[in-house]
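S.K.: If you read the sequences in order, they're chains A and B. Note that the first sequence covers residues 1 to 829 in UniProt numbering. Note that the second sequence covers residues 1 to 63 in UniProt numbering.
If you are wondering where the hints come from, they were derived from the structure by calculation, not from laboratory data. Watch out, some of these pointers could steer you wrong.
To be verified - Calculated lysine-lysine pairs in the BS3-like style (CA-CA distance at most 27 Å, straight line): (1) A:K236 to A:K170; (2) A:K579 to A:K589; (3) B:K29 to A:K500; (4) A:K534 to A:K500; (5) A:K170 to B:K27; (6) A:K83 to B:K27; (7) A:K170 to B:K29; (8) B:K29 to A:K83.
None of these values were measured; they are calculated from a predicted model.
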Amino acid sequence: MTLACYHCGQTVPKNSSYALNINGANHAMCCPACVAVAECIQQAGLSDYYRLRSDNPDTPKTDKADFTLFNNTAVLRRFSEYKADRWHSRLSLSGIHCAACTWLIEHHLIQLDGVDRIDVNLQNAVAHIVWNPQQTSMSEIMAAIQELGYQPLPDSPDQRQQLLRDELSKNLRRLGLAGIGMMQVGMVAIGLYAGDFQGIDNATRDLLRYFSLIITTPILLYSGQPFFKGAWRSVKARAPGMDVPVSLALIAAYLASVYATMFGLEHVYFDTVSMFIFFLLLSRYLQARLRLGQFHQAQLLPEAARLINTTAANSDSQPPFRWQAIAELVPGDRIFIPPGEIIPADGIVTAGSSRIETSAFNGEFLPQSVTQGCQVLAGSGNIEASLEIEVTASAENSSLNAMQKLLAKAQSEKPHFAQLADRLASRFVIAVILVALISFAYWAQFDLERAFIIALSVLVVSCPCALSLATPTTYAAAITALRRRGIVLRNSLILERLKKLNVAVFDKTGTLTLGRARIESIEWLSPQNEAQQKEILAIAAAMEADSTHPLAQAFKTESENTVSLSTITIFAGEGIQAKLAGLRYRIGKAAFCEKLQTIPTSTTAKQHTGSEVLLVNENQALARFWIADQIRPGAAELISAFASAKMSCQLLSGDRAAAVDALANKLNINHALSECSAANKVAHIQQLQSQGKTVLMLGDGVNDAPVMACADVSIAMSAASDLTRNQADVLLISDSLSQVQTLFDFAQATRHILRQNIFWALLYNGTAIPLAAMGLIAPWLAAIGMSASSLIVVLNALRLNRVRAKNKTNIDRTATALESQLSSNRMAN
Amino acid sequence: MDSLYLLLPIALIFFGTAVALFFWAVKDKQFDDLEKEGQRILFDSDQPKQTKPENTDESQSKP
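Bound conformation, chain A alone:
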């Protein structure tokens, strides 16, 4: 019954006529924006995208942003370099989900004249573009990207990110050297071990040993550096870490092997040294790579504002303006904001009237009307008409900056969890060194050389390869598997934390609801049969068709626009009047419609919390629509699943009490707080935490960012603002609340496998150390045991890829059932 949009996968509204013929087949689409993007893809000859992609893209936005400000050289320099007549620019792209997206963007842009080279990185969603300013401009490039449904933003990487990246590539070189060397040394070691059994002449043995020595030396000196540096740092800080026994073992084993090579003694350990370094580096590399997630920098405000040139003569439509960087705006400046743009500074409206969108700040999904004299906040969206505002606060003192400061404070107060392995490590280190010393002291009574070898083999065997691989490989496997299911983890530790949560706190608009208006119920004001009801809906949809008011959206999804009206007049803030078959119709506020026709009072007004919209004509009152924000599918299931897991659910919203309480009632949430500011929300969560509760937060708006930072675990919806996405531990790409359940299932499976891995590693080390101390383990046996235990740990971790979400199908089924039930209720009313 429900049809998915061919482009974005969203449900196609009933009776929608949007469709496009691609490769000879007709495909339904949900909105004109999807059709436009699909058309663009097809005209560029790239419709293969639909075959190649593994994930649906975001639904594209209808409004086209104005990118001309990026043609300004000063602005351009912030994310580009000019080299040899070409600009090298870095753009951060939002909406990239799979490799097909990068393929699409690369192939589309390279067709553009003047683009010499483009490379899109999938992991961090950044495009490197080399282009010729003679032939094209930045705004054209950005517009071309937007045509495909992706949002381009300038990418100026912060320094920390850059350092992390450099460190990572250095570690990769170390890992590569150790890996290649390890294979050579290992191969030669087989020959040496075989020689131990079958006999080998001394000259050949020495040749093989010198070969190993030559290769192991750069591995130790170059690849092993991080361990020595780490050990030195931890000794200086008087908190010996895992690096200390590692370094001791590496140096001792290497020196003993060099000594044995030169004087022809019994054993060399070159294979063990290089293998240690490789496995330990591997686990570190995996860990470091996880930290470099695909998170965008927060970009909430445009780079520059249109500063009105007061000295120049006023032209008729747009006042003359020049671009001014946001940071250089001072109070008293007058700026101009066309519709569809973000307000760049706090200020007071001096000319024009419009509606602005502030849902990011207070969760109110209906826009506010503003006219001359009204206060507006930086970061709100201007929807309807051009505004002129006088800046009242510099960028530093803006309300948005205040939010960011609150965020920084909340971040520093976040409770810290020590990683299990870290807590164990310090004690383990001291124990190992003690055991090595004791066994040396014991065996030294009989034979000094043998005592040294045994102490060494204790250090070598104890070197916890499997233990150190256990955690990072398990987390890496879990993170990869979750990403494939549309769940991005920023912080692997949260998998451990997910089991100890007591309270789940939800944001309202955009999280539990879709932030999209929908007809909740219809009251027919005069007797109608079904066909007439349908016609009335069609009239309402036709009247609202050209309106940008968010309540109008509710009608568009409900019915196809088939009625042709004449003389449509829009009364701003009141409603719309139109003529059909000689009759005047009015849709809108009660007071507006009452001027045309008396309206019976509502019998059910008390049950409804949404907005009321009436439809009347000159002869009779026709219908009363109750329009409210739509509940996100899966919300009820998630809350009942939490309830059965003994987690209490709470609703925190900046929205009005009536709307919040109504939603809380509908979803069986006992505790709801309305009209919360970001600071209130943080205070509430910290109060819960001071009572010893651990808190899960789900949210999306800018005002949720500080709360996200202070909650124990935070989950953001994919449509969340950049600031919030950056704070969240988890990001839900596919925007379905059933993913939260998947995440919990996965966390459980991960903890299970992690426990198995740690248990196995401890068991191996626990049995091997005493045996080594007793002098029972030959070096070749230790080497085999160590690699086998590491391999087992890695393979066990990879099992996570095969975990299936238990409840997924169940929730999806109930969600669809609920949806259809809701819509039938609506029709019945």
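We have chain A already, so just place chain B on it with the hints.
M.R.: Relative to the frame of chain A, chain B by itself:
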């Protein structure tokens, strides 16, 4: 076993070459995006008519 005296130094040369190649590949950022590079090869092979946009449908929509 005398051949070892020739073969092992050759192995050393190979080792050095392999490490040098790997370092070059890291510097060339070939390991920056493993996910995409893994899939890219699957995309380009099936594109016989990439240079020719399919205009048939466009002409239908604009008679």
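S.K.: Run every hint past the structure and note whether it holds.
M.R.: Cross-check of the supplied hints:
1. A:K236 to A:K170: Holds: K236 (chain A) and K170 (chain A) sit about 24 Å apart, inside 27 Å.
2. A:K579 to A:K589: holds, 18 Å
3. B:K29 to A:K500: violated, 41 Å
4. A:K534 to A:K500: violated, 51 Å
5. A:K170 to B:K27: It holds: about 9 Å lies between the C-alpha atoms, which stays within 27 Å.
6. A:K83 to B:K27: Holds, because 20 Å separates the two Cα atoms, which is no more than 27 Å.
7. A:K170 to B:K29: Since the Cα atoms of K170 (chain A) and K29 (chain B) sit roughly 12 Å apart, the hinted pair holds (cutoff 27 Å).
8. B:K29 to A:K83: holds, 20 Å
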